[in-house]
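Please arrange chain C on chain H, whose structure you already have, making use of the hints.
The listed protein sequences correspond, in order, to chains H and C. With the working numbering as the guide, the letters of the first sequence map in order to residues 1 to 198. With the working numbering as the guide, the letters of the second sequence map in order to residues 1001 to 1343.
The reader is advised that the hints may include incorrect statements.
Between beta-carbon pairs, the in silico distance windows are [said to hold, decoys possible]:
| hint | chain 1 | residue 1 | chain 2 | residue 2 | range |
| --- | --- | --- | --- | --- | --- |
| 1 | C | 1218 | H | 167 | 39 to 47 angstroms |
| 2 | H | 165 | C | 1188 | 47 to 55 angstroms |
| 3 | C | 1106 | H | 169 | 51 to 59 angstroms |
What the hints contain is simulated information worked out from the structure, not anything from laboratory work. Backbone N, C-alpha and C fix where the C-beta goes; we use that ideal spot for every residue, glycine too.
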Amino acid sequence: MTGPPRERADDAAVIGQSWHEPEAFAELYDRHAAPIHRYVTRRLGDGAADDVVAETFLAAFRDRHRYDLSRSDARPWLYGIAANVIGKQRRTEVRMWRALARTGTDPAAEGHADRVDNRVAAAAVQRGLAAAMAGLATGDRDVLLLVAWADLSYDEVAAALEIPVGTVRSRLNRARKKVREAFGGHDPTSLCEELLNE
Amino acid sequence: MNDLDLVRELRADVPSPTQARLAPGRARLLASISRPRPRFARRAILPIGAAAAAAAVVLAIASGAASGPATRSTAPKAPATRLTLTAQLLDTAAAAVASHPAVRPGPHQWFYTKFVQYEYGQPIQLSENWETFDGRQTAYFEGPDRPLIVHTGPVITGGGPTALDKYNANATSLTAYNALASLPSSPRALLAVVARQVAAVGAQNVAAGSPVSGSSPTSRGGLEFDYLATLLWNAAGAAAPPAAEAAVFRAMATISGISSQRGITDVAGQPAIALSASGGESQLLLDPQTYQVIGARQFSEGQNFWRRVAGRKADGLHMPPKGTLFISMAWAQVTMVSGPGRT
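So that you can see chain H by itself, here it is in the shape it has in the complex (with noise of 0.2 angstroms):
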């Protein structure tokens, strides 16, 4: 979970400089197209991530001028783009989950995982996490894996859903609860264990 260095105090410059030079948006994509296109592999699998970071940059591109100047950070508002062209693809979301659920194999794995994971407890553990992905709300869905994958802050998570913090913190919890609760309250590190060491 290596999120990208923080020294991005100049994503703004980069955008003010594209609402007159708009090809020095293309700096945008070569700082963060990566993450964003390993976060949206990982929510709808390898054969949509490219579509769907090419239409996230492109809707950005778009949108260029209604952004906030003042946010040095860009990542946010980029990943809020992706959340909502995610969102239109979320009964595939769901459906790859319900997947995994169900037989332990990750349709989103296909095209990169080539090696067959002999470790049939980590399965299990994917699968009840899996249940409980694909029984999450999409909003709290995309509030547990901005924190959890996109390694946003809650105030940034905020920003790129454009709800309030608050909102934030209670979608979280939400999700959180939901996948405990995924595996019978257990406290589902030891259940974990548990698995592995059998």
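Only chain C this time, still in chain H's reference frame:
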């Protein structure tokens, strides 16, 4: 390890994409950047001017243009022409475009466009692009002596279930053509359709989609004009159905607050007539002979703009003085061609 850590580990073996993997997405972005048409959802909100001091903008047009672009530094203070004259002009325009032959291009027909764009404080930019009528394929040269990049996008359909989706889908030449062709011919019925569409799509979204207006219109007439100007604009890079275009002009003649200005020169040096529903601040430009849409331009509203859109945050944001030419765009050429790279 807690529940959040477990989520963190989920699908954590997904690798970072390679540069090669990201390259096509970058190319798509660059294609979009080089494509001049501010299509749907693009309100050309005003970049921050480097300085508000420049009272007159000296435009140095790219070599080749016969005559200079409009170098005026102030917009007309009032509609230059009385309403009735504008109505007459639009009537003439309607008759002129209605006499054009109706040729509906095939979806894969290529069009070549040469587009000239000026933004305040920036040099004039000339761009050349190729695009199919259905908008699926676009092509451009990345630079002098660089290969032609041809991009094929997904099939563009009629948009999603919402009115906004459908409105946004009217962004390719083909979908704009179809949207125009679907309008009723009587001005009253046409504006009723527009009013329903504006209500369904949302006034803010119409404003945001307009390439003509620099800021959100505050009047019904302004919204109607923006909506129709956007459809004409989106079709202007290829072809518009003549009868529908004529109907739009006749409907525009009845829009409250419509005004016109003759005898201007656009940024590509072409003579033009301007239509506006904002007192001349934002203008749609027509060819005075053929009455085809050939461009658009906007004049600065001055600091009022920032006060309105940014409120208290307006401090430190500078706009050039009110009336300064701010954005000017023109199609110098639109030609049906046999393929990408051909002119």
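Quick rundown of the hints versus the structure:
no., hint, verdict
1, C/1218 x H/167: 39 to 47 angstroms, "violated, 32 angstroms"
2, H/165 x C/1188: 47 to 55 angstroms, "holds, 50 angstroms"
3, C/1106 x H/169: 51 to 59 angstroms, "holds, 55 angstroms"
Going through the hint list in order, the structure does not satisfy hint 1, though it satisfies all others.
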